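Once you have looked at the hints, place chain B on chain A.
What follows is the residue order along each chain.
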Amino acid sequence: MSLFHATVRVTPRPGLLDPEGKAIHHALESLGYDGVGEVRVGKAITLEVEAASRDEALARVDEMCRKLLANPVTEDYRIELSEEEGGTP
Amino acid sequence: MSVKLRVAVVTFPGSNCDHDCYRAFRLLDGVEPEFRWHREAELDGVDAVVLPGGFSYGDYLRAGSIARFSPIMESVVRFAREGGPVLGICNGFQILCEAGLLPGALLRNNGLRFRSHDVHIRVENPGTPFTSRYEPHQVLRVPIAHGEGNYHAAPEVLAELEGAGRIVFRYCTPDGTLSEAANPNGSAHHIAGIVNEAGNVLGMMPHPERAVEPVLGSSDGAPLFESLLDHLAAAAPHAGELTT
Chain A
1 MSLFHATVRV TPRPGLLDPE GKAIHHALES LGYDGVGEVR VGKAITLEVE
51 AASRDEALAR VDEMCRKLLA NPVTEDYRIE LSEEEGGTP
Chain B
90 MSVKLRVAVV TFPGSNCDHD CYRAFRLLDG VEPEFRWHRE AELDGVDAVV
140 LPGGFSYGDY LRAGSIARFS PIMESVVRFA REGGPVLGIC NGFQILCEAG
190 LLPGALLRNN GLRFRSHDVH IRVENPGTPF TSRYEPHQVL RVPIAHGEGN
240 YHAAPEVLAE LEGAGRIVFR YCTPDGTLSE AANPNGSAHH IAGIVNEAGN
290 VLGMMPHPER AVEPVLGSSD GAPLFESLLD HLAAAAPHAG ELTT
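Protein chains in written order, with the numbering used here: chain A, 1 to 89; chain B, 90 to 333.
Hints should not be assumed to be uniformly reliable.
[Claimed, not checked] For each label pair, taking beta carbons as the anchor points, the in silico distance ranges come out as:
hint, chain 1, residue 1, chain 2, residue 2, range
1, B, Leu117, A, Ala52, 52 to 62 Å
2, B, Asn105, A, Lys22, 24 to 34 Å
3, A, Leu16, B, Ser205, 23 to 33 Å
[Unchecked claim] Reference excerpt, derived from the structure (chain A facing chain B, CB under 7 Å, subset only):
hint, residue
4, Pro19
5, Ala23
6, Asn71
7, Val73
8, Thr74
Because the hints were derived from the structure by calculation, they are not lab data. All values derive from a computational prediction rather than experimental measurement. Even for Gly, the Cβ is constructed at its ideal location relative to N, Cα and C.
If we strip away everything but chain A, and leave its shape as in the complex, we get:
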C-alpha cells in the first residue's frame, strides 16, 4: 500500500451565481485593483488516502467527491494526486 495526498478543488459551476466571489471582486476593485475579471470562490479539501495504486486512489477519491465532497447540482470538482515518497511497497 502507498500513501497518496489528494487535493480536491470544489468550485461553483460555470454560470452559477457566486455572491461570495462577487463581493470579493467588489472589495478588490475598491482597493484599486483594476482589470480583475470574474472571481469565483470554492474550497480545497486535502486528504490522505492509502491505496495499492494511483488508479485505485484516484477512483476512491472520485467516488468520495460524487457521494459527499461536491454537490453535482451546483459544483464541479478537480482532483490532484501525489504519491508520498518512500511508501511501503
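Positioned in the frame of chain A, the structure of chain B alone reads:
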C-alpha cells in the same frame, strides 16, 4: 384509550427548531410527536417525519450534506419512497435536497446576508398533504431565518416543477404579488417550497412551526400541520377513534 397519530421529529446535532416543531404538533389533538435522535436506525412505525431547521453539523461542507448520511436518514429515505409524508423545514429542506429526495440545491442568499424576519408566501398548490387547509393563492406571513435559501435547479428541473404544480409556496408581497423585492434570497422562480413528484415530501425554507399561535405573531403556519393530520387521519382511518 385513543390511538394517536405518531410524528417523528428528527434531532441532528445542531438542530434548533426541533422543539418548535414538536410544539406545533402538541397544540393539536390526535397526534403524538416524538423526538428521534439522528443515530437511531429505525423510524419504528411512525406516520410522518419532520426534519427540522437548524445548523446540522454546523453546516460544514455544505448545509445538510453531512446530516444526509446520519443513520436515521436511510430509514427516512425508505419511508419517503414508500409514500410516507416527510416535511423538511429550512435545514430540513437542505437535507432533503442533499439526500436526493427533492431536486435542486439551496445556495448562499444572493445578498450574502443571513435573513431573519417575516416574509409573505403564496400558496401555489393547495392539493398536497401539507396544504389542503389553505385556499389557492392564499398569502401567509411566516418567518425565515437562513443564510442559504437561494433555490437553484437546472432549467429543465424548474420547468418540470412548474408544469407539475410542484412549487407549493412562492415568496410574494403582502398582497400576493411576485416581485424581486419580495424574494429574500434570490430563489429561482421565487420558490419558497417544493414537493417531490409523488407529493409526499415537502421542503420549504420558511418556518411554519414558528407561526402556529397568536403569541408568536402569526398563526398562518398552523393549517399546514392541521392539513398533514387530516391527510394522516384519512390514510389511517382507525387513528383517533376510541378503542378499548
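For this structure, which hints from the list above don't hold up? The structure conflicts with no hint, since it agrees with every one listed earlier.
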